[in-house]
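Chemist: Each chain is listed here by its residues.
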Amino acid sequence: MATVRFQGVGKSFGSIKVLKDLSLSITDGEFVVLLGASGCGKTTLLRMTAGLETISEGEIAIDGGVVNDVHPRDRNIAMVFQNYALYPTMKVRDNIGFGLEAAKKPPGEVKAKVEEAARILNITEFLDRKPAELSGGQRQRVAMGRAMVRDAKVFLFDEPLSNLDAKLRAHMRVEIRQLHNRLGATTIYVTHDQIEAMTMADKIVLMQDGSIVQVGTPDDLYDRPNCRFVAEFIGTPAINCLTGEIVWDGETTHFSGAGMKFLLTPEYKIHAGKSVTCGIRPNDVTQASGGPIHGKLLIVEKTGADLQFHLSSDDGSEFVAVAPRSTPGTAGDNMSFSVDPLKVHVFDQASGKRIDV
Amino acid sequence: MIVQSKSSRTIRTLLGWAVVALFAFPLYYWLTIAFKDGREIFNYPPDVWFFSPTIRNFEEVFGISLGFGFGEQREVLPGGGNWRMGPRLWDSIVVAIFSTVLSVSIATLASYALSRMNFAGRHHFVSWILSTRMMPPVAVAIPVFFIYKELSLLDTYTGVILIHALMNLPLAVLLMKSFFDDIPKEIDESAMVDGASRWLIFRRIILPMVRGGMAATAVLCFIFSWTEFLFVLTLTQTGLKTVPVVSSTFVTSTGTAWGNMAALGAAAMIPAFLFILLVQRHLVRGLTLGSIKQ
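Chain order of the listed sequences is L and D.
So the first sequence is numbered by this note's numbering: it starts at 1 and just counts up by one.
So the second sequence is numbered by this note's numbering: it starts at 1 and just counts up by one.
Here chain D stands alone, though its shape is the one from the complex (with noise of 0.2 Å):
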């Protein structure tokens, strides 16, 4: 370790810490108005640190108690009063695990094929399922509506799912491919010298040895499919809304329901945090340590 003197620690810890608050002000800021009555979100100069604490707009947005409404009325209902968000945070849930859950299997299978396995053309297949992100999305939703609705996907669990899982894909083959690149060959060699048959290898060897990789292509294509608004939004109706479509509802033609937007938003912070949680104490660094002398 590089010996430093305390007024340089001093300064980096500070600088540190700037930066951190840098970050975290407009999430603390956003969550304040959260907890805010209506009148006191505009006060200027803003209450930033002393105000009277609400929860009303978590009342109002999902109907008194948590879990109120479900399955009940899916409807968003447009203007003040009962918005009844429950049902709309559990869409989101469901489309952002299974869409993740599909892309993270399908990118895992094919990028170990792509970074293992010789075949004709596979530097090309490469570059093609990166081609397919070049596209702005926008440019692709109109067709996939019509797809869908030739397919009866429109407006379903099932429809949502399968755009989010595709629009992940090529980033997460990228993404799984590197981690799969960076295990030694000789490991894969080795066991089959060993005798072992190409699935075994994968499924007892380096799978396990990958894990890391697959959270934190996991945290990525959850994250997308929890903030996607474009394919929701022209690919649903009322069968379900994922949170960023719902939000927009709080801009109505009376003014816009920023307490509620706020705690909508909040609320939406919670399952994404609790599933980069969950993963994240895969995602641990130096699982090949010791596999081979470097």
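Bound conformation, chain L alone (with noise of 0.2 Å):
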């Protein structure tokens, strides 16, 4: 178990800079997921926390011994990689037990931890086999079980589950989390999937573009997200967000624009006039006769738990609000929805930043 401290790191090739000016603590023990899109950064910080990609600015530290210029054998790390990653050759037995051999020990005590793993991660009937004999989801615990056997002082996942179908995935989810329970090693994760990033981190960092966009726990993104950017990307489905401004009418702060007229805490009425995005979260409405929010249905999906209303606003934009599956309502209906003021998120127009009162 260790801390990793990021310190101003950056990363170019080429004249391609990557990851800009980064600079994060992760503290022992911490289970840290590392979110964004396709090509934000995330793996390549992860490949240099590693070793297997160099630093070109600022540097790396694991348990406050400065790594830039460590052999990735000599950090004590375990990854596991996207796409397993196994060694096909060997049979699951030696593949999980490679890191010990390589570290040159004793025989017995290789076996007795390659078997602990195996029981752990519930492969010992495959131990004797091949991994071209195995699923997806027994491959991916092989390679955890590689990691696994170690004692590493951090464990590095790759976007590890995104090759498996979406109900192994969820099993998946749950394992991972419960291993890092059982062994309590500061890990860190990454993906592109924010429901997986949601459920497992003890602290998100979320990229864009090779920087941080914000640092928090889940709930810190999903309730208080600093952006507009981290508001749509955290939550499913997607925010609403709506153009419009600020008005003061005396009395009531009330955000205007996109065909409605609702609410807002009378904190914000120092912001009147000001140009903004309102971001309503299609979870955080209710269905009220006369409400503000309200437009013709397009179409309504059923997810089995509740129902999601597509809805077009006046001027034409689209509004998803999420009902209890009680809630009636076809395609061509008028609907209205409320909100508490409360839970609109207030971002400038311009900037995408979050304006708090």
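Rather than coming from a laboratory, the hints here were simulated on the basis of the structure.
The structure displayed is predicted, hence computed values, not measured ones.
For each residue, glycine too, the CB sits at the ideal point set by N, CA and C.
Hints are supplied without guarantee of correctness; some may be wrong.
Here are the computed lysine to aspartate or glutamate pairs in the DMTMM-like style, where the Cα-Cα straight-line distance is at most 25 Å [as the list claims (entries may be wrong)]: (1) K105(L) / E189(D); (2) K130(L) / D182(D); (3) K104(L) / E186(D); (4) K153(L) / E186(D); (5) K302(L) / E232(L).
Using C-beta positions, here's what the derived DEER-type ranges look like [as the list claims (entries may be wrong)]: (6) A170(L) / A21(D): 55 to 61 Å; (7) W128(D) / S351(L): 52 to 58 Å; (8) T54(L) / A21(D): 57 to 63 Å; (9) G184(L) / D181(D): 39 to 45 Å; (10) K17(L) / L15(D): 56 to 62 Å; (11) L298(L) / S7(D): 52 to 58 Å; (12) G39(L) / S178(D): 26 to 32 Å.
Two chains, two frames, a set of hints: combine them into the complex.
Modeler: Rendered as structure tokens:
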């Protein structure tokens, strides 16, 4: 177990700068998820931590020691790759034990640790098979077993679940989290899937274009996104963004735009006249006849647990609302919803930054 | 699988066999010559299917019984009678096997480095290796002859093995590099993070994965060495001669011993065939299956 610190880390491939002046601290035993769209630099950052990419600027320290020039094999880290990267000519047993064999551990210890890992991961019966004879989920477990046996200081996961089907992915999410609880190892986990990030992370690091946009707990990012990008990235279905301006009518503060007008908290009065984007999560609205959020129903999606209403507002912008299964509504109906002013996120239209009051 | 009509399947099968026959027929005809006596060879129209087979050609070429003459009489006797080609076949086997082992070993190490390690001028290095094959071999034969003379390598197994290995290296390196390039780099990286040294990764993980590639490269190197003519002709005298060069001695001032030549050719196919049979079980595709999610 260890702390990891990134200080002013940058990475360039030729003239292309893929990571810019990135600083971050990860505490001992923390499960940190690097989240972002493809090409945002999250995997590069993970590979730099592993020592598989050189560091162009700044420094990375594991347990206080700067590792910029330390070879991957001497960093005492374990990594699970997106495509498993198992050794095809070796049996599962040898795959898992290879790291221990490389460290010249006694055969008895290797055997005991491999069998213990296999027991935890429920792959004991496959120990004498080759990777080609395993299913995707089993291969993923072998890859995790390989990381587990080494008592590494830091665990790195590079999108380990992206090749699995939805059901198995949900199952493995729980298993990885349980494994982390059991081992308590510092973990850095890369994914582009915000559900994985929300369900697994102690701390999410949301990245965009090689920079960190926001760092916080899953609740922080969901409840108080610091910019429109974060608000749109986190949450399913995605947040509704309506553009308009803040209006003070002498008594109340409103948002006016997209053919709608709804209340904001009084503190926004000082921003009256400002062009803003209001973010409203689909789950934060309630059906109310004559409610300020209204539109013509385009389509109803049934998710099983609830219904998702896709509305078209007067100016043509789309709005999604989640409502209980019993809520009536068919395509073409006019529907209205209300929203608690405390649940409205207000962002500056030009910069996209959150406007706090 | 795409469903095909019965007639189209039949046509495809027949066409397939026709192509096989086209390639196999000259080989069959060559073999029949090896088993015909002098007069029958020149019959017109040729007796393709029905003739009186004889092993006289083989007896003449190898000296009554196979194995006779090994190490005893190494020079080639011009003219008819007993050619004693057994030792020549042995020369070919030694040269082909050792030059193949040498070139595949060096090529495997070199191409792993070219595929995986970053060093200055790596890409120029690959072009330079390829450029060594751009010159026709005959252009280097004379300089090599003088170099060999200085180094006392003329007419020695070492000399011929070295030149064959040298000629094979560029192709072997490029071929092996393509096999290494096909192995995902994540496998090396994963082992590296696991704490393995570069040598351990190469020996325990990567090498077993390119076994098929090594076998394919070995077959090509072996066939090149087995059939090489020019360098053996220029760099050897009486110490050793490989089959392609001694085959030319069947063309004499009193005529060409076609039956003997065919017998030697037929016999020479056996070691090459055995070698390919030996390595072909390693020519299995899909060795990386299961290592990564494609």
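Chemist: All hints are to be evaluated individually against the structure, with a verdict given for each.
Modeler: Status of each hint after checking the structure:
no.: 1; hint: K105(L) / E189(D); verdict: holds (21 Å)
no.: 2; hint: K130(L) / D182(D); verdict: holds (20 Å)
no.: 3; hint: K104(L) / E186(D); verdict: holds (23 Å)
no.: 4; hint: K153(L) / E186(D); verdict: holds (21 Å)
no.: 5; hint: K302(L) / E232(L); verdict: holds (22 Å)
no.: 6; hint: A170(L) / A21(D): 55 to 61 Å; verdict: holds (59 Å)
no.: 7; hint: W128(D) / S351(L): 52 to 58 Å; verdict: holds (55 Å)
no.: 8; hint: T54(L) / A21(D): 57 to 63 Å; verdict: holds (59 Å)
no.: 9; hint: G184(L) / D181(D): 39 to 45 Å; verdict: holds (40 Å)
no.: 10; hint: K17(L) / L15(D): 56 to 62 Å; verdict: holds (58 Å)
no.: 11; hint: L298(L) / S7(D): 52 to 58 Å; verdict: holds (54 Å)
no.: 12; hint: G39(L) / S178(D): 26 to 32 Å; verdict: holds (29 Å)
Every hint from the earlier list agrees with this structure, and none is contradicted.
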